[in-house]
Amino acid sequence: MTPPDRRRRALLLAGLSVAGLPLAAWALKPVRERPRLIIVGGGFGGAACARQLRYLMPAADITLVEPRAQFFTGPSTNAALASVCAEGDIVRGPAALEALGIRWIREAATALDPVARRLRLASGTVLDADRVVLSPGVAMRWDRIAGLDATTSERMPHAWLGDAQVSRLRERIESLRDGATIAISAPANPYRCPPGPYERASLLAWRLSARRLKRCKILLLDAKDDFTKRALFQVGWDTLYPGMVEWVPHAKGGEVLEVDARRNTLRLQNGSRLRVDLASVVPPQRAADIAVAGDLVDESGWCPVNPASFESTRHAGIHVIGDACIAQPMPKSAFSANSQAKLVALAIAAQFAGGPAPVPRLVNTCYSLLAPDYGISVGGLYGVVSDRLSTLNDGMSPLGAARELRAREAAYAHEWYEQITRDTFG
Amino acid sequence: MHRLAVLALACLLLATPTTRAQDSLSLSCAVCHGARNAPSTVPSFYGMSTAQIESALRDFRSGAREGTAMPRLAKAMSDDEIRALAYEFGAPVR
Numbered sequence: 001m002t003p004p005d006r007r008r009r010a011l012l013l014a015g016l017s018v019a020g021l022p023l024a025a026w027a028l029k030p031v032r033e034r035p036r037l038i039i040v041g042g043g044f045g046g047a048a049c050a051r052q053l054r055y056l057m058p059a060a061d062i063t064l065v066e067p068r069a070q071f072f073t074g075p076s077t078n079a080a081l082a083s084v085c086a087e088g089d090i091v092r093g094p095a096a097l098e099a100l101g102i103r104w105i106r107e108a109a110t111a112l113d114p115v116a117r118r119l120r121l122a123s124g125t126v127l128d129a130d131r132v133v134l135s136p137g138v139a140m141r142w143d144r145i146a147g148l149d150a151t152t153s154e155r156m157p158h159a160w161l162g163d164a165q166v167s168r169l170r171e172r173i174e175s176l177r178d179g180a181t182i183a184i185s186a187p188a189n190p191y192r193c194p195p196g197p198y199e200r201a202s203l204l205a206w207r208l209s210a211r212r213l214k215r216c217k218i219l220l221l222d223a224k225d226d227f228t229k230r231a232l233f234q235v236g237w238d239t240l241y242p243g244m245v246e247w248v249p250h251a252k253g254g255e256v257l258e259v260d261a262r263r264n265t266l267r268l269q270n271g272s273r274l275r276v277d278l279a280s281v282v283p284p285q286r287a288a289d290i291a292v293a294g295d296l297v298d299e300s301g302w303c304p305v306n307p308a309s310f311e312s313t314r315h316a317g318i319h320v321i322g323d324a325c326i327a328q329p330m331p332k333s334a335f336s337a338n339s340q341a342k343l344v345a346l347a348i349a350a351q352f353a354g355g356p357a358p359v360p361r362l363v364n365t366c367y368s369l370l371a372p373d374y375g376i377s378v379g380g381l382y383g384v385v386s387d388r389l390s391t392l393n394d395g396m397s398p399l400g401a402a403r404e405l406r407a408r409e410a411a412y413a414h415e416w417y418e419q420i421t422r423d424t425f426g
Numbered sequence: 001m002h003r004l005a006v007l008a009l010a011c012l013l014l015a016t017p018t019t020r021a022q023d024s025l026s027l028s029c030a031v032c033h034g035a036r037n038a039p040s041t042v043p044s045f046y047g048m049s050t051a052q053i054e055s056a057l058r059d060f061r062s063g064a065r066e067g068t069a070m071p072r073l074a075k076a077m078s079d080d081e082i083r084a085l086a087y088e089f090g091a092p093v094r
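Residue numbers (UniProt numbering), protein chains in the order written: chain C, 1 to 426; chain G, 1 to 94.
One chain only, chain G, in its complex shape (with noise of 0.2 Å):
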């Protein structure tokens, strides 16, 4: 019984199609954007939602909204890695 439990504990954690463990996409983000809480005058994502930065990720790689350094880099993100940054760096659900 208690090995079932661990099983699906395990399947579930498999499952959830992101996770915040760091990756090397992630982690180049704070050479720009800086730390959560610090002053810029680059646009900050902190304080967006999951679901708003993955909209204004996936417009800077359409092409739908402009910018300067973004889009160059949002056009090589795939929809898995979009969904990672948005999850990793998007404000919890209140």
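Okay, chain C solo, but in the shape it has when bound (with noise of 0.2 Å):
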């Protein structure tokens, strides 16, 4: 709102007070006839909330600023790597919005005045936001592990940002042959997409398998002790990959300390180098750089939040949803930024009708594949207590479960990525 809107607001509230009349409704109500929405990432989040925001203010003029048309999601990545399914299956994209009239702009934005919303984009365009929904995802740490960084990395691929590292990866799982060790790391928490690293291990497993190349090993290098469905993914290694995965925790020095990436060895925590065929170091992460550059990220590198709408907490009318904010209970997953998007849509929506704030209920179930027919999967439902974000309930599938129901599971995985794109891409 600019200053003479808001003088303009006074004014007339002074007015309103003075006729006795009821203010609850015009004090919420920004005097703007069409507020100027925009929202920084068309991943899972970004995309929700723009298309959610359409719906509920079709008058507002409604800007969503990505740079890339099309990109791998980062759900079904690690089966489009052991390729359970190809890569152009999950191929997305932002395109499919500006049919609802939304203003999608192909830059990537470099910088935020969070104080003015005032956001600038790489070519130096500035755009003025009454609210700014910022969704913009993860960045890799590349100051935490020795020798590991964006172009080393190239050679030890993350595939964890839906960019080309997925195909090059890919190539590297095909050209293995019997024998081989691959190392993939996972890191501390927390981070993008938490059964990520085990549901990687286990279609490799499963991909090594159906090509017979039965003499491979496959190290999960772990920063921490314990991980998401954890003995549901080591009751599936024994059932379906005997020998195939060692999980090497915190505990036993799992932590990847330094790589050598051009010799492909890993210098372990536990004091060991290993010598691999193939290694995916996933980083640890934070809030992507723009949320940085928007002084929206505390000492943890992410981004705290009022959790009844996803508020910045550190500035008003910025919103921050998806991997990016601090939103724990829930995990770093597609489902939770979804379901923030709509969250602080109807939040967004509420403030300018000046009707009440939403009622905050966010959903997410993650599923993950260890293999084709085998899947299994953890949710909750989350709502505000105590004006903390907590558990109202969750579970996971249950540990001792007939192969009906991993089949089952599987096929629900893959209908809910289908769904999920499709609410979220159109």
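Simulated from the structure, these hints should not be mistaken for laboratory data.
Keep in mind that the hints are not guaranteed to be accurate.
To be verified - Covered by chain G, according to a simulated footprint, are these stretches of chain C (three or more residues, beta-carbon under 8 Å):
{"no.": "1", "segment": "339-346"}
{"no.": "2", "segment": "369-383"}
What the hints assert, rightly or not - With the Cβ distance kept under 10 Å, some of the chain C side facing chain G (calculated, not the full set):
{"no.": "3", "residue": "Q165"}
{"no.": "4", "residue": "T391"}
{"no.": "5", "residue": "D394"}
{"no.": "6", "residue": "G395"}
{"no.": "7", "residue": "M396"}
{"no.": "8", "residue": "S397"}
{"no.": "9", "residue": "G400"}
{"no.": "10", "residue": "A411"}
{"no.": "11", "residue": "Y412"}
{"no.": "12", "residue": "E415"}
{"no.": "13", "residue": "E418"}
We put the beta carbon where it would ideally sit given N, CA and C, even for glycine.
Hints are included, so try docking the two chains, each in its own frame, into the full complex.
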């Protein structure tokens, strides 16, 4: 809102209060008739938010800032890596949003003045907004593992950001020979897609088994001593791929401290130096650069938000959703981002309409595949209790289940992917 | 007189337990269950009556009905939330 608007509103409010008219609705309602809403990031959070805002606020001026026309989605990346599906099956993008009347700017946001709510784009273009929704995703922390940076990572692909590393890692996997040793590293919490490294090990084992490369060994090098759905994964590995997947937890020195990408070696916390045929090193993470540039991250590297509206606790009028925000106990998942996006859209629409704030109810379900016909899941319902985002109930697949249930959950996983991508991208 | 009619209508609207106004809970359903008329391997609630949906959610909540993702979610739902979801997605009575 510009200063003259604010003055006009103050005068209006003063006049009305003299007349003794009810003010509550007016006090909440900005004067601007056509609110300018900018969404930064066109992934599962940003695209879902733009779409929901369009439905709820038909008159608003909605702009989506996303430089990528297409990307590989995080969900199902592991399936594509293991040739469970084709790479083309997991390509999505924000193009269909334009048909809804959302302006899509194909540029990166480079700077954000969080007080003026002014966004600067790579071309130098400046955009002003009444509300900004940031769904920028994660950035890798290149200062944590010695020898690993954006360049050397190309030889030890994380394939975690939907870019060309996905294709590169898939090619490397397809060129493996029998007897190969593969290392997959998992970072400390929090990071995007908590079950991702473990699903990757599982589907890689499936792919190598399908190619009859039974003497291959997959090492999961972990900076943690526990991970989501651990018992379910371990039972699955024992059942499906006995002896093929070995998890090295933090307590056994599994954390990767240093890599030599040229020699394919990794130095672990336990002092051992491993030479492998293929390493996929998933680095520690933080909120993406634009969140840092906008002064929205705290010392943790992530963005603190009010859980009822996902509005930044550092700057009013800026909402942060998806992997970049602090939403524990919700995991950093596509479903979480989509659910948060809808709550934020409802909250923003309510603010501009002068209506009551929505009751926050957030949902997540994460499916993981251990084989194309073997799925497991975890999920929960979340709400705000005593001003904190809290788990109202959650649960996961039963440990001792029949294969029929695993097959059913694998089918649900596939269906979930089709539905959430349609719900988000169209 | 006119003012009284408006007031009566307002009272009637307020007295209706649920409205079709979308909320953050109901908007998450489509993530797995898809849109109306979309083919689905995930059990669909489209075409079910309000009473059928309400009863299914109550059974998921009590444990009387088994499921995968739904019992986890339903166990945290209040009576009001179950009724609102049933009203939101239940097929109109013919």
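The hint names E415 of chain C as touching chain G; please verify it with the least Cβ-Cβ distance against 10 Å. Hint on E415 of chain C: holds, closest Cβ of chain G at ~5 Å, below 10 Å.
Given A411 of chain C as an interface hint, is the shortest Cβ-Cβ distance to chain G below 10 Å? Holds. Min distance 5 Å.
The hint names M396 of chain C as touching chain G; please verify it with the least Cβ-Cβ distance against 10 Å. holds (8 Å)
Let me know if the C-beta of T391 of chain C comes in closer than 10 Å to any C-beta of chain G, holds or violated. With Cβ-Cβ at 8 Å, under 10 Å, it holds.
Establish whether the coverage given for the segment 369-383 of chain C by chain G is satisfied; the threshold is a Cβ-Cβ distance below 8 Å, and no fewer than three residues must meet it. As far as the segment 369-383 of chain C goes, the hint holds, because 5 residues have Cβ atoms under 8 Å from chain G.
Checking C-beta pairs, does the segment 339-346 of chain C have three or more residues closer than 8 Å to chain G? Three-residue rule met by the segment 339-346 of chain C, so holds; n is 4.
Would you settle whether the hint for G400 of chain C is holds or violated, based on the nearest Cβ-Cβ distance to chain G being less than 10 Å? violated (14 Å)
Chain G contact restraint for S397 of chain C - C-beta distance below 10 Å: With a minimum Cβ separation of about 7 Å from chain G (threshold 10 Å), the hint on S397 of chain C holds.
Can Y412 of chain C be said to touch chain G, with a Cβ gap under 10 Å? Result: holds, 6 Å to nearest chain G Cβ.
Would the hint on D394 of chain C be counted as holding, given a Cβ-Cβ threshold of 10 Å to chain G? holds (6 Å)
Restraint: E418 of chain C near chain G, CB-CB cut 10 Å. Satisfied or not? holds (8 Å)
Residue hint Q165 of chain C, partner chain G, criterion CB-CB below 10 Å: Violated, because the Cβ-Cβ distance from Q165 of chain C to chain G comes to roughly 27 Å (cut-off 10 Å).
Hint compliance for this structure: hints 3, 9 are not met, and every other hint is.
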